[in-house]
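Trainee: Construct the complete structure from the given sequences, taking the supplied hints into account.
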Amino acid sequence: MDEITRKRLETIGIDVDEALGRFLNNESLMMKFLLRFPSDENFSRLKQALDCQDSTGAFEAAHTLKGVTGNLSMKSFYQQISSLVEDLRGGALASAEEKMPALESQYTQIVSILNQLS
Amino acid sequence: MKDFKEETILIVDDEEINRAILANIFSPQYNIIEAENGQIGLAATQEYQDSICAILLDVVMPQLNGIEVLRRLRLQGLTKKIPIFLITADAGSSTMREAYDLGVMDVIFKPVVPYIVRRRVNSVVELFRARHRLGAEVERQRDQLLIQAQQLAEMGMGMVEALSTAIEFRSDESGEHVRRIHDITCLLLRDTPLGNGLSESQIKLIGVGAVTHDVGKISIPDAILNKRGRLTPEEFELMKTHTIKGAELLSRIPQMREHSAYQYAYDIALHHHERWDGGGYPHHLVGDETPIWTQIVSLADVYDALVSKRCYKDALAADVAMNMILNGQCGVFNPKLLEYFRQVEPSLRKFYHTSKGA
Numbered sequence: 003m004d005e006i007t008r009k010r011l012e013t014i015g016i017d018v019d020e021a022l023g024r025f026l027n028n029e030s031l032m033m034k035f036l037l038r039f040p041s042d043e044n045f046s047r048l049k050q051a052l053d054c055q056d057s058t059g060a061f062e063a064a065h066t067l068k069g070v071t072g073n074l075s076m077k078s079f080y081q082q083i084s085s086l087v088e089d090l091r092g093g094a095l096a097s098a099e100e101k102m103p104a105l106e107s108q109y110t111q112i113v114s115i116l117n118q119l120s
Numbered sequence: 187m188k189d190f191k192e193e194t195i196l197i198v199d200d201e202e203i204n205r206a207i208l209a210n211i212f213s214p215q216y217n218i219i220e221a222e223n224g225q226i227g228l229a230a231t232q233e234y235q236d237s238i239c240a241i242l243l244d245v246v247m248p249q250l251n252g253i254e255v256l257r258r259l260r261l262q263g264l265t266k267k268i269p270i271f272l273i274t275a276d277a278g279s280s281t282m283r284e285a286y287d288l289g290v291m292d293v294i295f296k297p298v299v300p301y302i303v304r305r306r307v308n309s310v311v312e313l314f315r316a317r318h319r320l321g322a323e324v325e326r327q328r329d330q331l332l333i334q335a336q337q338l339a340e341m342g343m344g345m346v347e348a349l350s351t352a353i354e355f356r357s358d359e360s361g362e363h364v365r366r367i368h369d370i371t372c373l374l375l376r377d378t379p380l381g382n383g384l385s386e387s388q389i390k391l392i393g394v395g396a397v398t399h400d401v402g403k404i405s406i407p408d409a410i411l412n413k414r415g416r417l418t419p420e421e422f423e424l425m426k427t428h429t430i431k432g433a434e435l436l437s438r439i440p441q442m443r444e445h446s447a448y449q450y451a452y453d454i455a456l457h458h459h460e461r462w463d464g465g466g467y468p469h470h471l472v473g474d475e476t477p478i479w480t481q482i483v484s485l486a487d488v489y490d491a492l493v494s495k496r497c498y499k500d501a502l503a504a505d506v507a508m509n510m511i512l513n514g515q516c517g518v519f520n521p522k523l524l525e526y527f528r529q530v531e532p533s534l535r536k537f538y539h540t541s542k543g544a
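Which chain is which? The protein sequence lines are F and G, in order. In terms of our numbering, the first sequence opens at residue 3 and continues consecutively. In terms of our numbering, the second sequence opens at residue 187 and continues consecutively.
In case anyone wonders, no lab produced these hints; they're calculated from the structure. Worth double-checking, as some hints may not be accurate.
[What the hints assert, rightly or not] Chain G stretches covered by chain F per the calculated footprint, using a threshold of three residues with CB under 8 angstroms from any CB of chain F:
{"#": "1", "region": "203-210"}
{"#": "2", "region": "298-305"}
[To be verified] Sample of chain F residues with no beta-carbon within 12 angstroms of chain G, all distances over it, derived:
{"#": "3", "residue": "I14"}
{"#": "4", "residue": "V18"}
{"#": "5", "residue": "A21"}
{"#": "6", "residue": "G23"}
{"#": "7", "residue": "N28"}
{"#": "8", "residue": "K49"}
{"#": "9", "residue": "D56"}
{"#": "10", "residue": "H65"}
{"#": "11", "residue": "T66"}
{"#": "12", "residue": "S107"}
C-beta: ideal position from N, C-alpha, C; glycine also.
Mentor: Here it is in structure tokens:
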């Protein structure tokens, strides 16, 4: 992986070495899933579900996002989405909603950087 | 590593990225089957259960979640056969406890760390493989022991037969007498209702008892045993003691006494000269006081003596022999026994291949 790509990934909070390790240094496999992330619909599903006060739908979408971002070692996003998942598991919709603005700005940044890479 | 490749790991997860990461870890060593929900995972388990060596199972899935899959696999007894690993993102939840109760081997947390997953899965797969090998080895050894036990039993039987035949030889009878008494007795027990209530293994033991019916003759002097003319009353009294002597002999051999055939052998040796009306010896038992199997041996003994050549007589034709028996010329027998004997007598002739009288 070239230095520029690595730097970019690091700016959006990705632990590149850890992520590569999870894919056993199969870089192309890792990049395939990274570049697919912007088209993942779970973030918009999460937003919609929260707007409709649909806690089950919100939980499912957040849970999936947590899994994907964990696998890709998006450290800071993963941390935030994890605590959001716990809110939703406990049915604390309001608390989850409070976390959304910060989460969304991170998400937007991640997606825009990844889109530049593809 | 190549030879392990016949073994398959089933990955059940609704997220493609999870399946891809796990498949990437295990594909160098195992065949991989992927299932994107619980329903498909369950169907794949059924179809490939003989080659699956581990199942990696996600918990939160649409259709059928991991816990539900686990429950159904357990109902089919598969959780004992195939090690199942629960892959979950939620540490410390109640699911984990439930999963262990349902029989998962281990719980692995997401996001996974490859070398840990590989290590844990491989050691359990190896454990199951070793257990399987050990089970197969135990089974092989048990079969071996069974064969050896059977060989021992056959050898014991061979010794009994050898002893009995040696005794028969003394009285100038062919060793085949013993074999035929055995065969006739077993045939009457197997092919007529006389053997009702007796198992095949009991019939075999009675057969052993039939073989030793005359062992008491070892105590009878040659001069009486091989006398060409009629025995004097004194000689006959002595001859009769071969019954009591035979039973006594058997009871003095510890190996015989512990043999499962002993109860039959003892009674047959002692009572194979009793008759239905009490006219026999040594105890003048009447009717069914003599067990039916001993009655059968008595009849077989008489029949064989009539149709064979002996030192004191020539061989008689089979129909002549049968008539003598039915007319009571050789003592009174159980009418029921006589009836079945009459029915099967033609098939007894096959035991006397070339000899006259058949």
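Trainee: State for each hint whether it applies.
Mentor: Hint by hint, here is what the structure shows:
Counting residues of the region 203-210 of chain G whose CB lies closer than 8 angstroms to any CB of chain F gives 5, so the stated coverage by that chain holds, three being the minimum. Here's how the region 298-305 of chain G fares: 3 of its residues keep a CB closer than 8 angstroms to some CB of chain F, so the rule of at least three is met and the hint holds. At roughly 17 angstroms, the least C-beta separation between I14(F) and chain G is larger than 12 angstroms, which holds for a residue marked as non-interface. Distance to chain G confirms V18(F) as a non-interface residue, since its nearest Cβ pair spans about 14 angstroms, more than 12 angstroms.
Not every beta carbon of chain G lies more than 12 angstroms from that of A21(F), the smallest distance being close to 9 angstroms; the non-interface claim is violated. With a least CB separation of 7 angstroms from chain G, G23(F) falls inside the 12 angstroms interface cut-off, contrary to its annotation. For N28(F), the shortest C-beta to C-beta distance to chain G comes to about 6 angstroms, within the 12 angstroms cut-off, and the non-interface label is violated. Taking the minimum C-beta to C-beta distance to chain G, about 20 angstroms, the non-interface status of K49(F) holds against the 12 angstroms cut.
Taking the minimum C-beta to C-beta distance to chain G, about 16 angstroms, the non-interface status of D56(F) holds against the 12 angstroms cut. The claim that H65(F) lies off the interface is violated: its Cβ sits roughly 6 angstroms from the closest Cβ of chain G, which falls inside the 12 angstroms cut-off. A cut-off of 12 angstroms between C-beta atoms contradicts the statement that T66(F) is not in contact with chain G; the least separation is 7 angstroms. Against chain G, the non-interface label of S107(F) holds: every CB pair exceeds 12 angstroms, the least being about 23 angstroms.
Hints 5, 6, 7, 10, 11 from the list above are not met by this structure, while the remaining hints are.
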